[in-house]
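Peer 1: Using the sequences and the accompanying hints, generate a full structural model.
Residue 10 in the UniProt record's numbering sits at position 10 of the sequence shown; the count goes up by one each step and never skips.
Hints are all accurate, no fakes.
Here are the simulated DSBU-like cross-link-like pairs (lysine-lysine), alpha carbons at most 35 angstroms apart as the crow flies:
# : residue 1 : residue 2
1 : K17       : K53
2 : K53       : K26
3 : K17       : K56
Distance windows between CB atoms, simulated:
# : residue 1 : residue 2 : range
4 : R18       : W51       : 20 to 26 angstroms
5 : V21       : K53       : 22 to 28 angstroms
6 : L4        : P47       : 19 to 25 angstroms
Source of the hints: derived by calculation from the structure; they are not laboratory data. For each residue, glycine too, the CB sits at the ideal point set by N, CA and C.
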Amino acid sequence: MPTLHLEMHPGRTVQQKRAFVREVTKVTAETLACPPESVDILISEVPRDAWAKAGKLLADA
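Peer 2: Okay, structure coming up:
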């Protein structure tokens, strides 16, 4: 069973998340030759004050 983890900043709508998981599930099932029912996707929303790049919080950019 493939399990995919996505980390992103908050702000996407539920409709955007639904579209994302629908398309990613489809492509994963086709590419890995597995049933769509076996694909799990976990979405974690990380605020910009908890995400850093190049030594700086994204909230400070």
